[in-house]
Structures are given as C-alpha cells and as structure tokens.
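S.K.: Chain by chain, the residues:
There are 2 protein chains.
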Amino acid sequence: MAKYVYFFGNKKADGVGSMKNLLGGKGAGLAEMTNIGIRVPSGFTITTEVCTYYYKHNKKYPEGLKNEVINSLKMVEEAMGARFGDALNPLLVSVRSGARISMPGMMDTVLNLGLNDETVKGLINKSKNKRFAYDTYRRFVQMFSNVVLGIDSGIMESALEKKKKERNVKNDNELSPDDLKDLVYEFKDVVKKAKGIVFPDDPETQLWMGISAVFESWNVPRAITYRKLNKISEDWGTAVNVVSMVYGNMGNTSATGVAFTRNPSTGENGFYGEYLINAQGEDVVAGIRTPQPINEISKKNPNDVSLEHAMPSVYKDLLEYARLLEKHYKEMLDLEFTIQEGVLYMLQVRTGKRTAKAAVTIAVDMEKEGMIDKKTAILRIDPNSIAQLMYPTVDAKSKKDILAKGLPASPGAASGEVVFSAEEAEEETKKGKKVILVRMETSPEDIHGMSVAEGILTARGGMTSHAAVVARGMGKCAITGCSSLEINEKKGEIIVGNRIIKRGDVITLNGSNGEIYLGPVKMVTPEINEDFITIMNFANEFRKLRVRANADTPEDAKVARSYGAEGIGLCRTEHMFFKGDRIKAVREMILAGTAEERQKALGKLLPMQKSDFIELYNEMKGHSVNIRLLDPPLHEFLPKTESEIKELADIMNVTYERLKTKVVSLHEVNPMLGHRGCRLGVSYPEIYEMQVQAIMEAACEFHKSGNIIIPEIMIPVVGIYEEIKLLKELVVKKAKDVMSSYGVKLKFLVGTMIELPRACMVADEIAKEAEFFSFGTNDLTQTAFGFSRDDIGSFLPDYLNKNILKADPFIELDRNGVGELMKIAVQKGTQARPDIKLGICGEHGGDPGSIEFCNNLNLDYVSCSPYRVPVAIISAAHAALKN
Amino acid sequence: MAKYVYFFGNKKADGVGSMKNLLGGKGAGLAEMTNIGIRVPSGFTITTEVCTYYYKHNKKYPEGLKNEVINSLKMVEEAMGARFGDALNPLLVSVRSGARISMPGMMDTVLNLGLNDETVKGLINKSKNKRFAYDTYRRFVQMFSNVVLGIDSGIMESALEKKKKERNVKNDNELSPDDLKDLVYEFKDVVKKAKGIVFPDDPETQLWMGISAVFESWNVPRAITYRKLNKISEDWGTAVNVVSMVYGNMGNTSATGVAFTRNPSTGENGFYGEYLINAQGEDVVAGIRTPQPINEISKKNPNDVSLEHAMPSVYKDLLEYARLLEKHYKEMLDLEFTIQEGVLYMLQVRTGKRTAKAAVTIAVDMEKEGMIDKKTAILRIDPNSIAQLMYPTVDAKSKKDILAKGLPASPGAASGEVVFSAEEAEEETKKGKKVILVRMETSPEDIHGMSVAEGILTARGGMTSHAAVVARGMGKCAITGCSSLEINEKKGEIIVGNRIIKRGDVITLNGSNGEIYLGPVKMVTPEINEDFITIMNFANEFRKLRVRANADTPEDAKVARSYGAEGIGLCRTEHMFFKGDRIKAVREMILAGTAEERQKALGKLLPMQKSDFIELYNEMKGHSVNIRLLDPPLHEFLPKTESEIKELADIMNVTYERLKTKVVSLHEVNPMLGHRGCRLGVSYPEIYEMQVQAIMEAACEFHKSGNIIIPEIMIPVVGIYEEIKLLKELVVKKAKDVMSSYGVKLKFLVGTMIELPRACMVADEIAKEAEFFSFGTNDLTQTAFGFSRDDIGSFLPDYLNKNILKADPFIELDRNGVGELMKIAVQKGTQARPDIKLGICGEHGGDPGSIEFCNNLNLDYVSCSPYRVPVAIISAAHAALKN
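Chains as they are written, first to last, in the numbering used here: chain V, 1 to 883; chain B, 1 to 883.
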C-alpha cells in the first residue's frame, strides 16, 4: 500500500531531502532538517500523490489517508507534548501547500488550526498571555473564513477597522483581549450570514477543511496561470504540510525572520538576513514595522538592533544551523525561522534565489572552498540570467509610473526623451540629449537613429522583429509590440490610455520585462568582475560548441571578442549599406538601368565595403569571419511614402516618376518570400561580385600585413542546388582573380545559409558545393511554420494562451518541426561532405535551450548577438555537461 | 570495336527502327523502311555516339570512322550503280542531321554533295538535262557556301537577283544553263574573297566538310535554345545521314511530296497529303507554287490535279507503302517521298504530329481496328493537349496583330472590349457587351468582374497568381504577368510600346501562348465527341487515382461532374463571401468589436452559406464534398486605398477613422505568412462554428430529402498538432449539435490541408486527429522554396533562362524538395492512421507530371480545376499504366 503521509519530529523523519517530487520542496526540506538534527516543529506532509489522486477521483481521498493522518497527528502530539483539541494544552497547527517548485503566494495557507472557545483557554493557560491568545484566535477565524470558507477578506477587515475606530486606536495590537474576542464572534456571524453555515469548532473538521482548501487551491485560476507561465505540469500536484505552530510573537524573547547563507544580491560569503522581535511571519511581509539586520556586520543604521546583539546565543544557534545546512546542501540557502521564547525553530529551507552576479560569485567561491566542483559551479548558473550582467537594469526598489507594457525584446534599461524618427534621434543626440526612438515599427532606414538612441520602442512587431533583432545586436534596450500606444508622429505625441506623451517627454524602458515608465527611473549597472571571468573559463573547459557572434561593425566585433567570441558567425553586409551616405550609392545602384550603370554605382561602394571588412578583420585576427552577401530585397533601400519619394528624387536628381516607377516595380506582396538573397545574386551578379571583391581584397591586404583571417563567404536563401553551383563559381572565380592580382593565396570558404525547408530536403545536393552550412533559423522558422515574424503578433498571444504553442518559436527553437528539418539537413549534408562546417546564426544561437539542441545535433558552433556571447558560452557548457 | 556507321540499301539495313537513340529518328526510319522492303535511296547513318565523341574529344572523330564511311560509301555506290566523284556516272548525296527527337529547322543540311566541274558533266550525261544539271550545281555551291563555309546567303541571293535582272527574267528556272554556270563561278569567287579559300572540288573533302558542319550545328545557339525549351539533353547528340540524291525535279514524271497516313487535323482514317510535280522538297516549303492534293477524295478545288489522277500507278505504290508502314508502326505516320522519273522513293517516315482532336479519334479508331490495345490508345494521348478540347482556341490560320506577350495562365481564347475594373465589367456586360478585364493584378474583390468577363489580362503575377488560379477555375482564358503593359486606369488606357489601347477597344487574348492581339481574331471551338467519351472510358478502366474538382459554385460543380469528376476536392468558402452583397455582412463581421457583434454578423451569413452548400451538394449527389473553412486573412475583404475606404465607410455607416484603423491594424507585411487559415479559427472560433453549422445543416437537410453526400470539413494552414486538436473538437462538437437537432446521423470527415513544411514534419501527430490530408501544394511550394507566387515574376525568368529551375515549380511539382516533404508526410501520416485519406488540391492536381508523382505516392485522389478534369483522368491512367 502506498504511503500517503510522512511524519517528521523528534529528530527523525519518514522522508528525506531528495523527495521533493513526493513531498514538495517545503516538506522535503522539513524532513531533511529534522534528520540532520535541526530543531523543526514536528509535523507531517501529505504527499503530492494525494493531490493527483484527489483530482483524478472526483475530489475524493485515497483509502487509508484518514488513518495515516490520525496516526501522524498522534506522533506530532507526542513530539510536541500537546494534544490537538485539548482544552488544557492544545496543539495548534498550520496547514500549508508545498509543490515540487515554489509557487510563492499562489496557493493557500491556514495558520493556528485547532482553536475554538475551549482550546483558546488552553492557549491562555500555556502562554500566560490572554491578548496573544485572543489575537491568535482572531487571526485564525479571520484567515480560515477567508481561505477555507471563501468569505471576502474585506468584510472582516472592515469589521476590524470599525472596532479600532470604536476603541479609538490605530494598531491591531492596541485592541484589548475582549475586543479581539468580540471580533471572533463577529467573524463567525459573518460566516453564518454569508454562507449559512456555522463556523466549525471541531479541530479535526478544521484540519480536514484546511487540507481540502490547500488541494483546491492547486487549481485556482492564478495558480493555473502561474504554472503555465513557469511551465509547471498540472500533474505534479501539491503536498500539504501540517506543522505544529510556534510563535514569534510571544514577547520580547520571541522573534521571526528570514536569512540567506550568503548575500543573495552580491554573492558575498556572509550570513545575511532580517528579523523582527515579537512578530509573526506575516508581520514581516506586511511591512508595518521595519525588519532589523540579523547581524552586526550588515547593520546599515547605527540605531538598528541586530539579532546577534539582541539574542547572542540564539544568533549563534542560527549561524550554526545555517553553516550546517549550507555544508549539507552545498548550496546557498534561504531559511525561515521563528524564535519562541528564546528557542530557535527552523521553519523552512530552500535554495536561495539570487541575482546573476551573486550566482556567479557564489559558484566560484564554493568551487574555491572545495564545496562543489567546476561542473556543478557551471550548472549553478542560469545561462539566461547572465544577460543581466551585460546590461544596466532598472533598480527594482525605485518607484515607477507604469505607462504601458510591451514585449521585452532586448534586455537592459534606458531613459531618454521621446523622438519619433531616426533623423530627430540624430539631431537631438548631436545636441547632447539622450533619446528613446519611438516608431510604429523600424526598418533598415532607421538604423542610424537606433544606433544613437538609448533605447527603442515600437508599437508593432514581435520578439524577432527588425527592431528587436537590431537592438539585441547593438546590446541596446528595446521594447516591441506595445500595441496600446497610439503613435501620432505628425502631432509628435503618443496616446496611452487617457495619457498623452509628447515629443521630448522623458520615458524609461525596462527591456527585461517590457514595462514603460513615465520619467526617469534609477538604474543599476553591474560590472563584469573576476568571478565572471573565472566562470567563463570553467565553461570553456567543458563546452564542445564554439561560440561566435553576429556582428556587422567593428564595434560589435570588439564587444564580441571581449566577451569571448571565437569569430564572426554572421556579418550582414546590408547593414553597412546604411552607414553614412553610402545609401546614396546603393540607391544609384538600384536605379541603374543597365548592368554598366549598376557597375559604376557598385564601384563607389567597393572601397567602402572593403574598408569595413578590414576593420572587422582587425578585431577578429586569427579567427573566421562569416560574411553574408546581400540578402534583403532591394526595395528595403528605397523610401515608401509619397513625400519620402519626392524628397529623395530631388536629392538624387532624378524625376519623381522615375523613382516612383522603380519603387512600384520593386514592390512585393510578400517581401519575405520575394526577390532576395541569392536570387539577387542570380539577377544582378555584379552586386555579389563587388562584395566578394571587397571581402577578398581586404583579406589579401590583411594577409600581406602579416595577419591571419579566414573569410567565409555565405550565400543566403539558397534552396536549389543550381543556385549555389552558379554562385559558388562566381565567388571562387572572383576570389581567385583578386588573390592572383595580390599574389596572395589564402584559405577561404564558400557556403550557404540553410533557411528554407527545401534546402534541408536537398542538403546533400547543396553540400556538394557548400563548404559550410549556417542554419538561419529565423527564416527557417518563418517558412516551416508559415509564420511571418513581422505579423505573428496578431495571433501569437492567442496561441500561447490556448497552449497551442508552448513558447514563441522565434525565441525557442521548435525542435519537432524546425529541429527535424535541421536534423535532415545535418544528416544529408554530412553524408555528402563529411567535413562540412555546421553552425547556426539565427536568433536561437543565443537561447540556452536551442543551444543545447545544437550541441546535440553536433553543430560546430553557434553564433549570437555580441551581448549574448557569455550566455551562449555557459549554455554550451551546460549542454555538454548534460549529455 | 564500336560500330559507327550503319548502312542501308539493297533491301537490307544494318540498323532497325528501334535504334532511334543511336541512329536518330530519320536514320532509324530509313533503316526500318529498307528492311521491310520499301524503296529508299541507299545511304548510311553515322551514329549519335560519334557526335558525343566529337564534343568530348576536342572535335576529333573516333578512330576507324573514316574507314567505315569509305566502306559504306562503296556499298552505296554499289546499291545505286553510280560512283562518288565519277565523271561519267556520278553518285550525289545529301548530308542531313537527325537527332533522337526531331528538331525541325534547327540543324544543317547540305544537298547534292559530290558535284564539281567534272561530275556535273556526268550529271548532264545521266539526266540528259543541262539546265537541271547546272541548276543542281548552282544550288549545291550556294548551299555549301552558306551552310558549310559560313558565307552570308544574302550575298549569293543578290548575285542571283542581279543575274535575273541582267537576263530580264523573273524566276530562277528562266535562267539558261550558262547563266547558272556563271553563277557557280561567281559564288566560288565570293568564297575566295570572303574566306580566302578555294571552294573544295574534291567530293570526299566536300563529304567530310558536310559531316563536320552537321555535327557543328548541334551546338549553334538556336539549337541549344531549342533543346532547353524542349528539354532535350545535350548529351544525346545528332546522327548524320548520308543518302543518295534522288530528284523530283527531273521533269513531269518526277515529283515530291509529304503525306499523312490519316488526317492530322481531324483524325479521320483517310490517306492525306500534298505534292508538287517537277519540284524539289525546298520548292514545297518556299511556297512559290501551290501544292496539289494527293488524292481525288481530298480535292477541294475542281482545278486541282491529284497524284492519284496524274500518276495512278505511282499513287498506288505510295498508298501501299503508307498502308504497309502504318500497319508496321501501328501509328499514324508522316511520310516524305520523291518520285524520280516515275520511280517512287521514300525519304522519311516518322510519327505524325496531330491535333488533340485527331489524337483522340486516331487512338479510338486504331483500337477499334485491332491495331493497338486500349492501354496503347490511352498512352497515345498527350494529357496536356486534351485541355485544347475544352476551350475555344485562336484560329492558327487567321491574321493577328500581336500587341504583347504575357504568361499563358489559363488556356482558351477570348475577344472583348477593354475594361479596367470589376464594376465596369459588370456594367458593360449588362449592356450586352463582351469585355476583357485588364488589371495590374486581381484580388478576391475582382471576382464578380472576372466572372462576367470573357477573359482576364494582368500586368503582374505569375502562372499561379490570383488571376491565373481563379481564371483556370472558371475555365476562362487569362494572360498574366504581361509586364510590357503600362496600365493607366484613371486615363482609361494601356500603353504598349508606342501604341495606346483605350477603354472600349477590342483585344483578343490567346491563353494558350500568352499572345495579346489588337482587334477580334477568328476562333475555333472544338466539340466533345463520342471518341472523347470512349477514350475517357478507356482511361477510367486503368487509372488508380480518383479525380475530383476544385469547385466553389454549383456551376463549377456541374461542369466538373459533366467531365467525370468524382467529388469536390476543394471548395474555397471565401469565394462565396464575395457573392452578391454578402461582402457587406462579411465586413460587418470583421469590424465587429466583440465576439457578440461578430456572432450577429455571422448570423446573417449562415443562411447564405447554407444555401450555397445545398446547391453544391445537389450537383455532387452521392460523392464527397471537401469544404475548406475560411482561409485568407481578413484584410482581403477590406478595401485598401484611401478613397475606397472613404466610400465604404459611408456605405457601412461607420466613421472613416474606425474603418481606417481596422484596415491599418489588419495590415500585414507578409500576408501569405500571416493571420490566416486555422489561425483565424483559433482567434475567432465563431467564424468556423458558423461555417460548420452551415455545412452540416445543409448536409442534414440534403440527407433528409433522401440524398447522400459526404461532407469533408477541411481545416487550412495547420502546422501544429494542437491546432487540429482544438479545431477538430470545435468542428465535431458543432457537427454533432446540428445532427442531433435534425435527428440525423451522417458520415462526415474532418481533416487538414497539408501546406506547410512543419505539417509534413509532424504529420504523424496531425494524423492522430486528421481523418484526411489534402496536399495544398501551392502553399507548400511557396513555403518550401520561400517563393511568393505573387512576386516570383521578378526573378523566375532569370531562373529559367539560367537553368536554375527546369520549370515553374507552381506548374510542375518539384519532386526533389516539395515532393520529398510530401513523401515524409504520407509516410508519417499513414503510419499514425493507416486508413487516412490522401489527396492533393493544389494547382498541380491538374498537371500530368505531378499527377504521375501523386500516383506513385499512392494518394487516393487528385483535385483540379473543372476544365482540367479530363486531363487529370488521362494523366492518372498514364501514371497507372507506366508503373
């Protein structure tokens, strides 16, 4: 027969710390602490299996549960020397939920069960404190009525307020025992009136009702939502912990508090915590009194009274417990304790939450201390959190006036004055102002504005829209898809609900959660320290995947190298086309009527591109630099609106009609599926020739100056063998011409993006020519799903809410579909060319889960935004260690 | 050692008729005729392998060839009783190309080789005709100089003209023998001056130069282009036929002609042909004299002199030969013959080209006659040509003024007045006029105009653009992507080159070749006859695939049934949304702010959809009707331009701002990859519920009236298991509700389109819910290739010219990529659900090659435009017979 109830007490527990799945985190912790000799109030845990049973069997309990509970309760009574429901020496208990993973505040708790008009007398007798006893009774009835019986807490709060008014007092603790007693009856009357039932006085009934309430709370809407958001399975269920009550509010020798075995904010190896004398846990939370520091060293205010000072011997016990537990768990821990009349009880132990910075320091320190090995140290770091270390963040404690919420497209935080165009952004920053660029959506034309803005905010677009991708590449904060903004660029204002933000108003973006605040907000800028470097070195020892960066500029490349990037995995040459007034030459090239005219315009671009590449190579000496030939459709380089076309026609000295005709003729219904990538190379080979010439001339000159670089020339949007065949020929021919004119022979590779499903299907053919594959998983996700990442915003929320998608497939690589296509491509590609180089340069290259998938696919490298390189390094090490 | 030369003569040949690959079509025919005892001038064939060798070995001939040629030439001399280069009794020969497949006019021919100043005397001696001999000599030098030596034929033509002027005569044959002799020397001088070489007088030199010239002509640009267009491999090479000359121009007992064993135009079983007395083959081609009918029965003019009448015994021989050959080849044949002084020689036999109508009649007749079996009869029909029988076509003989050429998007022909909008089309047709609707491109809003127009012409879009697909569905002629048209709708004119077509001008579209003509052109309307029905019945006996039609209206369904469709494979419900003033209710539905408002608007659409379905069921009694739930993004139902939005706002009685806001909010960057298909069903379940209700209510009422129909409810754009799971639940629930309210239980299926690569990858999951898969190969091609069919026009021509694509993948299913995805889907789908129903409803469902692929994939059915149903039936039979 299954065991449903696990007792703990008298230094012995049925369970152990590893039974988190069965006993929940809290129950397992209580058992473990009991086992290693720590003082814990006795109690028992009803397993998560009971919860699962409960929901599978129409809310019935398994046979035998009742007896097990009764037996365990008897053992608790024995251990605590008190009896449940006893009028002289009553045992009171708390009933708390406790799932496998902490779901703070999501589920129900009831304290002080076992009280009624009889047992309260016993409590007075035991505590010699009538006020305490009636206050406890009052709290119990109030809490039980709300949590278990479903009475609106407002009704009882107002009864309490009324009573305080009658008595002309301000605080609860100024009410007399009789006042509190009155309130108990008033509350019970409320229950009778509202629910037509008599408040249960029988302790056993109270207990079972409490247990049911906890199980029921597993399926309240807020818990369901939380589970969805945090990917917690419905089937896990919650355990129920029934624990003897201990009181921190029994006078000045009592107290309650929380502590961390190390500093959760900095990681510093020092005991850290807060406590309150003569208080219950909820008082700490309520924030009526200010908690005091736990020890002298963490005192910030000379008036603070530390626990170390106030109760030195108890503090000594607590510190000993903390050290014992940390040594035992080999982890930084979060502890809850209560001191009842000078006796220390531990109520909870769990892994302490910490900042990214603290996580790094703690892992490195613990490894130094010999507590954990390097592998464990690496696995302790949440790769995603590492991104925090790269960006300023909004100070969590500062006050904020939330205007709206969008998608947290690029992390970090930024404050600045609102501007509405790239031009404005440039003008204002030239004046020394900090600006936030606000657009409906951004396009490549906005890049010069984006590069000078502090942050970018768009009303449209998803997590991989143009704004998001570019901002992440720049390591710049961005919020996208904030649909509640009504942007009126002409008027120079944004309407959000009933508020109006005008040009020049300061707003702050929180790129980590998507919140937009009015006015400036205090920021925190973490620094990269020794510990960070140490943990990166640990990761480098274990990872198999190499990590490159997507970088289009020398600045990007420099940042990437400083974070440990081993080459460039994607240089998008088109971004260079927008730099300075190159766009003019680009537009001349597009408007060219003949190949000769086009050649002439390309001739102007050649030296510019070449110098770009030299600068890029300089930052990446000795490494591979993967350069993608022109990818976007040409219309992206031309204006769209009538007025922009008119303006440009004047500047370019061509007629409006000519320009307009070109714009119209280049218009595409679905530009994502249009005349782009290698299709441009097929139609206008002279463009690709110019780019190859620039890449190779730069490489030859670099080579002649005694440096090494391996150019990888990447042909985008290949889906057909003949495309790569034709274009590889073109590339190789031009490259050889350049090398022979320089008298230089250097290694270079020619390969393709794999970003179309068809390319995966015929990867064996393509690999006959391609020396490398770089998975462009952004576009592969678009084409595999038939999702436009510019348009997905209209239905993605529905898809996530209805659980059709577990995650945005542009953030987390879809293993079943896109991943399956990649598998086929890897298999066919390596079959045709066993030494083919395999990488990924989509946004997924910086996502930990996706990196694990790439590791398992045996790719050679991942490539990501410069600022995500450390994330990728840690993720790659995780992946290698897990497999 | 390989044999390079195949002799024929003296009733024996080295080769046989089946050696077409080695000897070319002409050589194989000459050998076969010789073998079966037909009189053929003796000669020999140099094999295609020599051509391949020639190009692989830097234009050298294989060892041994020379000897073989010399030996064969000796045998020819023996057979013909004359000697090559003999001054008394010279043998003259022709040197002709002859590839595996006829490439008419593409390659070189030289006649009368062996003539020089000596041998011409022998020719005079033999023919007793000095003029004939010198004319032959003149022709030889002229032809050799042009074809072999590369002299511009104009130079020699003008010398000839000059001579005629000097002699004051009009025709060549009025020149005297001496004039002709003079010309021979003049021509030889031209050669010397132009090329610095002496005209070769040595017959053997002439022969080898002639042979080289034929091999060289395999790789002249026009031949290369022809091969590309006709998918003839470069490697096939050409054979060279060296054949003794015979002369049809040796007086009134000589003649030359061509004949068909049956009528190539009607298929009628009667000997049919034309001839000219005292003429050479080139005279027939030159058209100076009008050829005469071969027999009395085909005389059209009482003055005609038939061969039957003029040379009864020769005619009898010819008829006998024709009968013998047809019996031997079991095919309708195209024959070339020459009569030299009363002796009949056969010069060529090949399969006769014929119209679609003739092909059907000939196949049916030959089967009746016991000449071929049913299988052969079916395989004789080119499935694509069958489409001709369904549409009026432009009379090939009528005069045309070609304005421009676009893509032949939908076959047939149509004349009408030019109109520029759907509204205009409706107005003008109401007045009884016939119109051609000319648009930049069409959208669903134009359907009412398209349905009344005679034909559709667009400046943009490819073979599967909206205009093309809809027109084919309607069986209406359309030309798309005619980029040379500059359409100015406001002015009401089209500029083509330097011509202007105005509103109301009549133009004619030739949908079979994409030509647009000014003014009306005579049309031919073939009729569907008994033979057609017979051949369809033959096909039905053998095919495995079922054939359904894509039909959105009862009219379509009726046509489809009449052509033999076995159900509807795709009914696009959205097309119904544009009928009458339903669009108003559709727009109300889209503008609805809440689900309730939407429900109200949907309530108006329900009875309309229901009555549509009942009408459709009526045409498809007893069959399956596959209905696709709403697919296109909602913005397709709203106007786009400012003025249209203003107009509609007034009509709908909403503010301009509200409508504009909706239009803007629904705008998509890539609508193909946007909020469409089942994504609409997820966001607005009430739309799908209404459609299911209409489908099922109609089915229940139909069922109650004693009729059978199997509704197949198809959910589009599924790529994720959870989509079909969620929506199948919705469909089944609604269907059951409707059935129970009608007290009816009927069979219905729920399934999906498979049109996304991801759907193929997870087809096993999807098949857990889907009861059928219908491959939407249009969209699958778009997503697999990353090609937008609306935009492919900008680079497809480059892709075809550069041989990157062999065919437009929207016309011919791409087997390597898209086909591979389909294979995976079929395999995974049947694995998860062995009895899953598999079909295809993309445009490829009407393409013969694609149908063969579907047959081999073991699909259950193909579905195509109603007018392509016969094509599909024949194709399906071909596929079954070939495998």
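In case anyone wonders, no lab produced these hints; they're calculated from the structure. Don't take each hint at face value.
[Stated by the list, open to error] Here are the computed lysine-lysine pairs in the DSS-like style, where the Cα-Cα straight-line distance is at most 27 Å:
1) B:K490 / V:K640
2) B:K806 / V:K725
3) V:K728 / B:K164
4) B:K192 / V:K662
5) V:K640 / B:K728
6) B:K728 / V:K662
7) B:K192 / B:K121
8) B:K164 / B:K128
9) V:K502 / B:K490
10) V:K747 / V:K660
11) V:K491 / B:K662
12) B:K728 / V:K660
13) B:K704 / B:K728
None of these values were measured; they are calculated from a predicted model.
S.K.: Against this structure, judge whether each hint is valid.
M.R.: Checked hints:
no., hint, in the structure
1, B:K490 / V:K640, "22 Å, holds"
2, B:K806 / V:K725, "15 Å, holds"
3, V:K728 / B:K164, "59 Å, violated"
4, B:K192 / V:K662, "54 Å, violated"
5, V:K640 / B:K728, "42 Å, violated"
6, B:K728 / V:K662, "47 Å, violated"
7, B:K192 / B:K121, "24 Å, holds"
8, B:K164 / B:K128, "24 Å, holds"
9, V:K502 / B:K490, "41 Å, violated"
10, V:K747 / V:K660, "44 Å, violated"
11, V:K491 / B:K662, "21 Å, holds"
12, B:K728 / V:K660, "48 Å, violated"
13, B:K704 / B:K728, "25 Å, holds"
In this structure, the hints that do not hold are numbers 3, 4, 5, 6, 9, 10 and 12, in rising order.
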